[in-house]
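Chain residues, written in single-letter form:
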Amino acid sequence: MHAELVQERGGAHTGAAIEMHGIGKRFPGVIALEEVDLVLARGKVHALMGENGAGKSTLIKIMAGVYGRDAGSINIGGREVALRNPREALAEGIKVVFQEIALISEFTVAENIFLERHPVGRAGSIDWKKIRAESAALFERIGFDVDPAARTGDLPVSQQQMVEIARALAHEARIVVMDEPTSSLTPNEVALLFKVIRRLTDLGIAVLYVTHKLDEVFEIADTVTVLRDGRHISTRPIGEHTHDTLIQDMIGRRIDNLFPRSRGHAKGDIALSVKGVSTDAKLDDVSFEVRAGEVLGFFGLMGAGRTELAKAIVGFDPIRAGTIEVAGRPLKPHDTRTGAGLGIGLLTEDRKGEGLMLELSVQQNMSLAALGAFSRAGFVDETREKAAVQGFVDRFRVRTPSLNQLIKNLSGGNQQKVLLARWLMRGLKVIVVDEPTRGIDVGAKSEIFALLDRLANEGLAVVMMTSEMPELLGLSDRIAVMAEGRITAVFDRDAATQENILNAAIA
Amino acid sequence: MPQSLDAAHPVPPPAPAAAMLKALFRRSEIPLLISLLVVIAFFSIASDTFLTTRNIANVLGQSALAMTAGIGVAIVFISGEVDVSVGSLVAAVAIPLIVVMNATESLFLGIAAALALGLVVGAVNGYLSAYLGINSLIVTLGTLFILRGGVYLYTGQTAIPDEAMLESFFQIGNGRLLGLLPYPALIAFVLLLAFAYVMRHRPFGRQVYAVGGNPEVARLAGYSVKRVKFACFIISGLLATVAGIMLASRLGSAVHVAGLGFEFQVVAAVVLGGVSLSGGIGSLFGMALGVLILSFLSNGLGMLALATEWQLVVTGGIIIAAVAFDEFKRRRI
Amino acid sequence: MTSESLSSTRKPGTAFGLFADRSQIVLIGILAALCIAISLAAPQFYSEANVIAILRQCALVLIVAAGMTMLLICGEVDLSVGASLAFVGCIGMDVINRTGSLTLGVLAALAFAGTVGLFNGIVATRLRVNSLIGTIATMMMLQGGVFLYTREAVQNHHHLPSFTGLGAGYIGPLPIPVIIAAIVFVVAFVALRYTTFGRYLYAVGASENAARLSGLRAERLKLIAFVVTGLLVGVAGMILASLMNAGQPTAGRGFELTVIAAVILGGTSLSGGRGTLIGTLLGVLVLKVIDNGIIILRWNQDLQMVVPGIVIILATWLDIVRRRADAR
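Quick note, the sequences are listed as chains E, Y and G, same order.
Take the first sequence: its position 407, counted from the start at 1, is 407 in full-length UniProt numbering, and no numbers get skipped.
Take the second sequence: its position 210, counted from the start at 1, is 210 in full-length UniProt numbering, and no numbers get skipped.
Take the third sequence: its position 263, counted from the start at 1, is 263 in full-length UniProt numbering, and no numbers get skipped.
What the hints contain is simulated information worked out from the structure, not anything from laboratory work.
Please note: incorrect hints may appear among the correct ones.
To be verified - Quick list of simulated restraints, FRET-style, between CB atoms: (1) Thr164(G) / Gly317(Y): 34 to 40 Å; (2) Arg151(G) / Ala373(E): 53 to 59 Å; (3) Gly254(G) / Met165(Y): 33 to 39 Å; (4) Val157(E) / Ala194(Y): 37 to 43 Å; (5) Thr164(G) / Ala305(Y): 38 to 44 Å; (6) Gly254(G) / Ala327(E): 54 to 60 Å; (7) Asp394(E) / Gly317(Y): 52 to 58 Å; (8) Arg151(G) / Gly153(E): 47 to 53 Å; (9) Gly124(E) / Ala305(Y): 50 to 56 Å; (10) Pro173(G) / Gly391(E): 47 to 53 Å; (11) Asn102(Y) / Gly100(G): 53 to 59 Å.
It should be emphasised that the depicted structure is a prediction, and the values quoted were computed from it without experimental measurement.
Here a beta-carbon is modelled for each residue, glycine too, at the ideal position from N, C-alpha and C.
Looking at chain E on its own, in the form it has when it is part of the complex (with noise of 0.2 Å):
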């Protein structure tokens, strides 16, 4: 059906299955995008570039008919199209795989593949057989092993991954939007993903690859556009780039400057000591200690456990066996009260979802942990919390018109930074800090390492759960590896290199 479609549109000129030009969206308070073009050629890949925060997220939104634009005209097959919802991209033929899992959970891998149309037989009935019929023969085709009739909730994140993939196939799309693809895919899982990529592109369709992993835009892409704070900065062939040309692109800027490796911290007395800690989920035996002064920088592939364990040695998830303890006093565990007297709080990876009160101000959202200090017999003493709460919007250059601005409002860096100083507010003594510069843009990544470094320095043992390779390498004065549940290796400073760290996170 896919040879059918791309003959029908041969005539069409240059070649473009898709002209996007002068592309402009604004949000409350920020431009996401100005003046961006983009042009897919049909058959080809296309790689985007950008660091987070760049816009490609945008710009694939509104491919998707997610957002409108504010500016600009998108032309498909010579047409100018609307794209307002995301049923009229579907009609245009735009599938867009999502880095977030676009499935439902409760439906089986099969309906899922055909979720977008139900293909139905005699009287409007769904024809269930065709579709178990032809998920099963599409992965074949591609050799995906799995269970067309499994619940979709039940598989592990990178074969629900491999699905969505696999959707792009089942329908007649003319462009293939993918974001992040392999952010959770196992290697097997990658080259099966280029291998389906090589087959849409020989059925002549055009396929965005959105990504910030060099390795693969050498590997898969014809031509690179590279974005940057919203802006169009480059668009050139592959085979006009090098690492180094593609990386000053994206940052603009030399990466050491990004990460600066510290000097390396002092260390003090033993702050946190985690023994033989198992969870019923993932954990398998955890031990490790951190002294007052020192980063442990926790390393390991998705699934590997590391946001499990910053979950239990805080004391917000139970344990099954082990034992925690914060500067020789034990924690109880599955009780963030004890976790938080005892000096001991976690920087969630999850921001929205375990961080923020986003309905809440700046001021509310920062004290939290901390009112208790600010009260007298339970009664809130406001003047102290607001002089406090200044404090460190000033100290940390929080950017805010007001203490009472909603959470919700701020960037992503500075609502970072007042959860960090929700922590720090109530004196530490170790913080975990899982994907600390997750979401956040590279002027405000560099800031919050910064910060950290200092936070050691000045004695406050820091925990680091990380999957960027120059944070890891550039703060920790330890790396612990994880895999499946468990720590695998732990290398100093000097001895850490990329190579073992990864071959330590395979094994």
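Given the coordinates of chain E, work out where chains Y and G should sit on it, guided by the hints.
This is chains Y and G only, laid out in the frame that chain E set:
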């Protein structure tokens, strides 16, 4: 360089036997069916008159109202919304039904008038909830009040008797197939099968599940979330109307206090039947089992000559236990 | 956007801003318009007797609504308050009949109502049953239970004047229920606005996970809110019994809906984290002034059900429109 190195390690799929057992246990119909059988077995032993064809047929007849309205309420729940207006709606639709029948002596016109009211109420609930984005609990609480007040205003707090005395109308609520199975039970059963088919085998039904399960994903898949929810409210309005017509036939008039508290009874049965308040989960057969459990329980307790109030107490306890069990199960498995 | 309904997001320095934000100004406007319109049509609206009557009507609702506001702020709801209200009256009256002691009667009522609150709280926080469903179930159990407890109204056999005074008495010009409601209101207002407990309730409602990660005991806070609501139902139940001079098992039907309507009308969000007691007070006043207007204008009293239904939908919709405008 800013290189993210996330990747998942392969997880072997669960063994087929374990997976099947898990799937079986996850289906809320199985524990419900067992519970229903336990209830029936208990009362069959405790009372000689319980397990008779006549009594079973009667219970089925009594459960028909909650079952019919419950289909609609369950569908609204599955779409991720709530509808508690059905309690007043069953009373309200009796008014156009009886008034038009009294004026025209036509059952057909009466039913058409009742359905028209149900359609309008469903559309108003749906428009306010789906299109204006007002919390559907508030909307339908509001219409619950408005309709009940409207019924009181119109009737002056008395019943409007059926003066047309049509035999066909009488039969709807009181007739029995082969002199045994009450027609309401038959109607409810047919509607149940029809809507169960829709929910399982029509694209619309799957859209309802998708919209309730994950509205963002449904939107990305090209569904109109608003339109689907709107349709669910209309279905609920129409099914509550059918329940109201059966009730009016049984009562032989439009009674202003009919259906007081009915919304809670229906919601309780729907939730007991494993339909999740958060949307996307549950089945109509589960809902039907929930209704039957509560009906048999109420009937059986009555036979044991326990005060009818015990039924309320026991029902309340069972609902808490059932939902708590559901939650427990979800966290464990 | 500093105009959200949390009083601590007020603009500092403005006296008015201390007590009301924009959504409440709308309510004050509605209230003023209602009062003017009704008094134009019926001058007796401002008579002392009528004002006292309105306040007395408000008192009962406000006492329970204060607790319900706390519950909604921390993200829960209690639909059993109406059924509990009736049960409490019967128990309180019965205990006084048997012992001749008002104190024992009130204690029994509070103990019972507090236990109901505790039960609701345990079901919601420990068994993790959605409180909407859990409290409907409690409502059923109480409705059944009250008739098992007493078939008909528990009459006043003790004739204690202090008991009658609870509902019908005055201190100075003010009816005792109004004074009780005022005390409850002030205490709850201070608790929500100036104490860590209040701030924690908002936090738990705004994001339970964030609150827990920050070392708050979210479940315990919710439990307390349930118990407080229960205790307040106990207070209101005794006042109602005094006003009716009997423990009526059928009293309080639909009371839970009135209370929730008033709280939501006052701008408290069903999804938690947002709301104020000032708003709740205004919500109660608006509903009860409408009720009163319907009576003194000699309109059909059945409108008393229709109007709140319309008002609650309208108020929620206005709130959505306002927030959308704020977001621009």
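Hint by hint, here is what the structure shows:
Taking the beta carbon of each, Thr164(G) and Gly317(Y) are about 37 Å apart, inside 34 to 40 Å as hinted. For the pair Arg151(G) and Ala373(E), the beta carbons lie near 57 Å from each other, so the given range of 53 to 59 Å is met. For the pair Gly254(G) and Met165(Y), the beta carbons lie near 34 Å from each other, so the given range of 33 to 39 Å is met. Roughly 38 Å separates the CB atoms of Val157(E) and Ala194(Y), a value that falls within the hinted 37 to 43 Å.
Between Thr164(G) and Ala305(Y) the Cβ separation comes to about 40 Å, which falls inside the hinted range of 38 to 44 Å. The beta-carbon spacing between Gly254(G) and Ala327(E), approximately 57 Å, falls within the hinted interval of 54 to 60 Å. Judged by the Cβ atoms, the range 52 to 58 Å given for Asp394(E) and Gly317(Y) holds: they are separated by roughly 57 Å. The hinted window of 47 to 53 Å between Arg151(G) and Gly153(E) holds, with their beta carbons roughly 51 Å apart.
Distance hint for Gly124(E) and Ala305(Y): a CB-CB separation of about 52 Å, consistent with the stated range 50 to 56 Å. With their beta carbons about 50 Å apart, Pro173(G) and Gly391(E) fall inside the hinted range of 47 to 53 Å. With their beta carbons about 57 Å apart, Asn102(Y) and Gly100(G) fall inside the hinted range of 53 to 59 Å.
Hint compliance for this structure: every hint is met.
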